[in-house]
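A.B. asks: Below are the chains, spelled out letter by letter.
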Amino acid sequence: MKARSHLYRKESYYGYLFVLAPVVGYLLFTLYPLLYTLYGSFTDWDGLGQMTFIGLDNFKDIVADELFYKASFNTIFMMIGIPIEITLALLLAMGLNRKMFGTTTFRVIYYVPVISSLAAVSILWQWAYNGDYGLVNQFLALFGFEGPNWLTDKYTVKPALILMMIWKNIGYSMLLYLAALQSVPKDYYEAAALDGANSWKIFWNITFPMVKPVTFFIVVTKMIGGAQIFTEVNIMTPTGGPEYSSATVVFYVWKKAFENLQMGYASGMAMLLGLFIFIITLVQFRLNERSSKDME
Amino acid sequence: MKKSLLAAMAATLVIGGVVAGCSSNSPTDGSSEAGQGGTKQISFMFRGGPEEQKAYEATVKKFEADHPDVKVKIITTTGDQYATKLKAAITGKSVPDVFYFEPGDLRAYVNAGVLKDISEYVKDVDFDNLWKRGVDIYRYDGNNVGQGSIYGLPKDVGPFALGYNKDMFTAAGIPLPDKEKPYTWDEFIKVNQQLVKDTNGDGKIDQYGTGFNVNWALQAFVWSNGADWLDATNTKVTIDDPKFAEALQYFADMQNVHKITPSIEDAATLDTYQRWMKGELAFFPVGPWDLATYETLPFDYDLIPYPAGSTGKSATFLGSLGIGVSSSSKNPEEAAELVTYLTASPEGMQQLVDAKVQIPNLIDMAEKWAADTTTKPANKAEFLRIVEDYGKPIPNTLTYNSEWYQLFFTDIQPVLDGKLTAADYVKAEQPKMQKLLDKAIEQEAKSKK
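Chains as they are written, first to last, in our numbering: chain A, 1 to 296; chain B, 1 to 449.
Treat the hints with care, as some may be off.
[Stated by the list, open to error] Derived DSS-like pairs: lysine-lysine, alpha-carbon spacing no greater than 25 angstroms straight-line:
1. B:Lys439 - A:Lys255
2. B:Lys419 - A:Lys154
3. B:Lys446 - A:Lys255
4. B:Lys62 - B:Lys73
5. A:Lys70 - B:Lys73
6. A:Lys154 - B:Lys432
7. B:Lys446 - A:Lys60
8. B:Lys435 - A:Lys60
9. B:Lys439 - A:Lys70
10. B:Lys448 - A:Lys255
Honestly, the hints are just simulated from the structure, not real lab data.
My request is simple: use the sequences and hints to build the entire structure.
C.D. replies: Written out as structure tokens, the structure reads:
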């Protein structure tokens, strides 16, 4: 490599400086805690005092822990909301992408929950789900249905949480889809229309493939986020729901770590959760790669 | 490494950050100005409702005025974030000089060297004028709680009394409950049934007898029936005692059989607390921390002893929250000074009592406070009786951790719904809880090393 100009060096110096902040932040707040957690998971540690190395004992206990399986099942179950949310978000985005009166207003309405505080939203929905005078049951009563007590019934607590999360998050996915839809070149649609393609064919052969990168992004981020549900569960069902039916893995990790003085054990569960997230993310990248190749 | 593998890893680490800790909600730090030349700065972390926070902030201001060389940096959080924040501070070795702690965590904090033994700093405190039960919760000799060195003083003691809506009794023409003689269980059901009413004639019931939250009210029924969660040594779970099952069944039957509570499935506090405040419930527990809020109740209320089971004696729990000093504090003397100011000094205590967020820790002040029957509730003496006579600590504070106790309430919904009998429940649940308790005991032994 030849000597670079002075200007170039100066520029790259500032470049590094700008990159430094996130890199240091990452090392300090992500990588260091991650390694610390990894070490903690091999120790008997109450989160206060000494860490005693105990090898794989925590993991042996975790694989025999009934509640860990329950929490894992709940976490995965609640991911049912993801495909529902994505489908609805795409449909909404397509609806709002047309030139119609009031679309801006609707976009705002759908996006408002996204920017609201999750804690506030959770408290609001806790009231809405109240069995006696909650909004949800009052609404159902208009049609003559007597709604259950959503959050204290082990069969309805998960659907109730899923519904709330869809409501909270749909605006975000919708906005991403909206941006993707608007970048699809209009001539594709015109050409297809000339060839006489019906709207289903147009959707399936043009719209859907064109927004695929966005779909991929949403699926990956949603699944990572979905594996880490905590705040809404902690606020709406502070004891983990009837018979632990709404406890998620992160909720259980938090209970163990901060309430029951088992930081080592909790670190072990966090590592397993991290591994799980890594695997599902990897699988999705692989699938995406394969289907991209198919298209070429 | 393949590209997809790398990308997936980056995505997981960056978006996930799962193991780095899940909290994205940072509690608000209300901080005061930093100390200037010659002054010593101590930090004080606490929690509480809005009324309590205001009262404590004002009292700390007064402390600063009385101690010009000390500046206090206040750190507050909401109740549900406090435990997380405190434990994170301990792990990160930046413990505030003065902080609240749960009595249940006393042993863990002492064994791990987090709490400072403040015995030598509190010598001037007149312990004869402080509730002995309240102070003993914070004594620990390395083996038993209740004796030995002092590791904190009670912020307050929380007698969880039973209140009743006086106006409702008057309107229904029912004689007022006797504050000296508790109802028997049968009498309690009967008087409740008389009070369940459709007051506006729309065919729907809108006035109920009661609605207890199982987490906080079941103890009163279990204990007054002569049963308990633990044996005397705190090493055996005793919920399979028939007396225990009887009390739990009675509790569940209030909803399912006698129909004296708002709805069959519902035991969440939110509803019954609000119903009580709207004047739709005849009986509801009253804690001292509620007194300021209850000032505005649209009806007259008073305190009575809880209905008594087979022992014939009323029972309830006496909660407490400690204020301790960090063993890493650079100014332990000033820190302990703040602790005694907030818990045991007439100046500090008067201010907190006037704010109506607690009962006085000082016995002489408490007696004067209770004797004033012109303020609500008139029978404040019931609070003091609980503190001096029949209040007991919640079982989860007696063990190293409370996982075993939490399990009891996690699984209890089917009993409350009437889908499982109490007898079957306690039989199935006892071994599971015992296993967790054994683990906690084992953990405690290890922590002493």
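A.B. asks: Against each hint, give a clear statement of whether it holds in the structure.
C.D. replies: Hints, verified against the model:
At most 25 angstroms may separate the alpha-carbon atoms for a hinted pair to count; Lys439 (chain B) and Lys255 (chain A) meet this at roughly 16 angstroms. Taking the CA atoms of Lys419 (chain B) and Lys154 (chain A), the gap is about 13 angstroms. The hint holds against a cut of 25 angstroms. The suggested pairing of Lys446 (chain B) with Lys255 (chain A) holds, with an alpha-carbon distance near 20 angstroms, which does not exceed 25 angstroms. For the suggested pair Lys62 (chain B) and Lys73 (chain B), the alpha carbons sit about 13 angstroms apart, so the restraint of at most 25 angstroms is met.
For a cut-off of 25 angstroms, the pair hint linking Lys70 (chain A) to Lys73 (chain B) is broken: about 43 angstroms separates their Cα positions. Straight-line distance between C-alpha atoms of Lys154 (chain A) and Lys432 (chain B) comes to about 20 angstroms, which keeps the hinted pair within the 25 angstroms bound. A hinted pair counts as satisfied when its Cα atoms are at most 25 angstroms apart, and Lys446 (chain B) with Lys60 (chain A) qualifies at roughly 19 angstroms. A C-alpha spacing of about 16 angstroms is found between Lys435 (chain B) and Lys60 (chain A), which places the hinted pair at or below 25 angstroms, so the restraint holds.
Under the criterion of a C-alpha separation no larger than 25 angstroms, the hint pairing Lys439 (chain B) with Lys70 (chain A) is consistent with the structure, at around 20 angstroms. This hinted pair checks out: Lys448 (chain B) and Lys255 (chain A) have alpha carbons roughly 23 angstroms apart, not beyond 25 angstroms.
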